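These are the residues of each chain, in order.
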Amino acid sequence: MRKLKDVLCVGLAVSLAIATQAASAKDMVISIWDGYMAPDALDKFKAASGVDVDKALHATNEEIMGKLMASGGEGYDVVFVSSPFAEVLHKQGLLADIDPVKVPNLKNLYPEATHLEYDPGNHFSVPYTWGTTGICYRTDKVSPAPQSWNDLLNPSDALKGKVTMLATDRWMLGAGFLAKGWSVNDSDPGQIAAVRDQLIATKKRILAFDDTTFYSKLASGESLMAHAWDGWCNYGTQANAAIKFVVPKEGSDLWVDTMVVLKSSKHQDEAFKFVNFMLAKENHVWVAENILYKIPNQAAMAGLSADLLKQYPNLTIAPGDLVKMEQLRDLGGTTQKAYTRAVTEIMAAQN
Amino acid sequence: MSALHADRRLSAWLLAPGFGWLLTFLVIPCLLVLVYSFVERGAYGGIDWLFTWENYQRAFDPLYLSILLKSAKIAGLATVFAVLIGYPAAYAIARAPRRRQAVFLFLVMLPFWSNYLIRTYAWIVLLNREGLINRLLQLCGYSGEPISLLYTEASVVLGLVYNYIPFVILAIFSSLSRINNELWDASKDLGASGWMTFRRIILPLSVPGIAAGAVFVFVLSIGNFITADLLGGKQVQMVGNLIYSQFLTARDWPFGAALSFFLIAIMLVLLFIQALVARRAEGGRP
Chain A
1 MRKLKDVLCV GLAVSLAIAT QAASAKDMVI SIWDGYMAPD ALDKFKAASG
51 VDVDKALHAT NEEIMGKLMA SGGEGYDVVF VSSPFAEVLH KQGLLADIDP
101 VKVPNLKNLY PEATHLEYDP GNHFSVPYTW GTTGICYRTD KVSPAPQSWN
151 DLLNPSDALK GKVTMLATDR WMLGAGFLAK GWSVNDSDPG QIAAVRDQLI
201 ATKKRILAFD DTTFYSKLAS GESLMAHAWD GWCNYGTQAN AAIKFVVPKE
251 GSDLWVDTMV VLKSSKHQDE AFKFVNFMLA KENHVWVAEN ILYKIPNQAA
301 MAGLSADLLK QYPNLTIAPG DLVKMEQLRD LGGTTQKAYT RAVTEIMAAQ
351 N
Chain B
1 MSALHADRRL SAWLLAPGFG WLLTFLVIPC LLVLVYSFVE RGAYGGIDWL
51 FTWENYQRAF DPLYLSILLK SAKIAGLATV FAVLIGYPAA YAIARAPRRR
101 QAVFLFLVML PFWSNYLIRT YAWIVLLNRE GLINRLLQLC GYSGEPISLL
151 YTEASVVLGL VYNYIPFVIL AIFSSLSRIN NELWDASKDL GASGWMTFRR
201 IILPLSVPGI AAGAVFVFVL SIGNFITADL LGGKQVQMVG NLIYSQFLTA
251 RDWPFGAALS FFLIAIMLVL LFIQALVARR AEGGRP
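So the protein sequences, as listed, match chains A and B. Numbering-wise, our numbering puts 96 at position 96 of the first sequence, and it's gapless, one number per residue. Numbering-wise, our numbering puts 37 at position 37 of the second sequence, and it's gapless, one number per residue.
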């Protein structure tokens, strides 16, 4: 039996050695959504700073949150997450304070982007992209043009079965809150129930809940109107110029995707260097030009070509107008639980 | 040292890697799920180490029970269709000449060469309102509104049947091919018709294969969430989707763990019944 133990120990040691070698071959680790930065950005960063970066991918905020919560933040240096999740990480004490001296390119940000409600002064997060949510629709097939969240929630007979809505709880319920003139961070149980009932009725008149392929459904004509994030609507426009984006008259939310540095990072100087690099005008502009998202970088946005802005008008929404929208905030446990239950009830309702 | 003793030592060594694998990646995680299901949720995901029964009480809430029942219904339908379609196919392959059997079995396995997600997406391409089937209908002169085939319970069942039917065919084939061919001749000599031979001899002998295939499809289907997500347009919710959302959106790991354990328990019971059926069939054989 001793022999078996020896073999097991050697085996364990070898596999650990292989695993840790793979992890430590690089100087630091970031985690980001796939395709959310220029493919050559890390090579450029290495050339400029000598720092070798390992890029991990996460598909959703929740996925990276799960990993960070399980490890107490160990294993990552810089992570890209949406603002409510940055707020949670901050409340959990997992984030390093952003050192403005080490990130001089913070000066490139619009003044509006430095006073965001969830983190005024960018103490623990740096905005990377921002935008809003609204209705993406086929101007050639939908008339009159949608103006209100109610046009989405109660599709006319002509649009019945040709509408998609976002599936993520915050936005799905958000559309219901906004239609009634309530807050996208609403925590009142009665109001959550009212929105739930509205959405159960809505579910019977729409095609599907869809977070990921709604723009191709619009382009193919499978749907004619979609609840959509502005940047993603642009992908539809790219495929079919008749696809336009509109912010409903009741207003909408402001979403921000941010970069955060982990407190447990053993490479904080390099991490700040990386954040600073991403904020450089010539690097940050890639996001606007290729992913068609608005970026909070004044210097970079000023350099966008007139053609691009004409083709994708929602890129021109002014920062002043964006910050008038309500920001999604972290809700805390009880309300988050109520949201999830409401969404479960909507999904479970018979069609 | 006796030869038998050496043999035992050898098999212990041979079993060790597989056993270690199962222990590390199956038994221990399942135990973790069990432990998690009895503690309280942390405010931001994760867990607080306080004992509670609440997660199991919540699992019996009519809302969650109805989702479980609906999943069972969808998985049950998928199982019935998979067996009804899979049995004749397995039967045909078992009766085919030996050389062609290999080709047929290869064709049954062929879909596994591509990714589950891609195979499921292919159905979206076929079924959507602007998809291949609706286009074909239009070519054939149909001029009404395109038919909504996608994002229904039926499309989810279809996706599950399509994806899991190879398991049924293989399981039934393997039990059919173990039936001695001389039984056919003997039955015929004794004056039974082909149908009677099938009903009285072949079908009962292939029950273990049907049971194995059916349990496979049911267990895989009831825990599946990708198919409900893609082909159900998130309008159809199965218990797998519920567990997914508890872990990822609600940050309620303990409740997700309780639901998972519920599911594990159902699967264990089914596998146990299947083992009983197989053993009885084995014992009944002369």
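The hints are simulated quantities; they were obtained by calculation from the structure and are not laboratory data. This structure is a prediction, so every number in the text was calculated from the model and none was measured. A virtual CB, placed ideally from N, CA and C, is assigned to each residue, including glycine. Errors might be hidden in some of the hints.
[Claimed, not checked] Examples of chain B residues toward chain A, derived with CB under 8 Å:
hint: 1; residue: Thr52
hint: 2; residue: Leu63
hint: 3; residue: Arg135
hint: 4; residue: Lys234
hint: 5; residue: Gln237
hint: 6; residue: Ser245
hint: 7; residue: Asp252
Now the hints, each set against the structure:
no.: 1; hint: Thr52; verdict: violated, 15 Å
no.: 2; hint: Leu63; verdict: holds, 6 Å
no.: 3; hint: Arg135; verdict: violated, 11 Å
no.: 4; hint: Lys234; verdict: holds, 4 Å
no.: 5; hint: Gln237; verdict: holds, 4 Å
no.: 6; hint: Ser245; verdict: holds, 6 Å
no.: 7; hint: Asp252; verdict: holds, 7 Å
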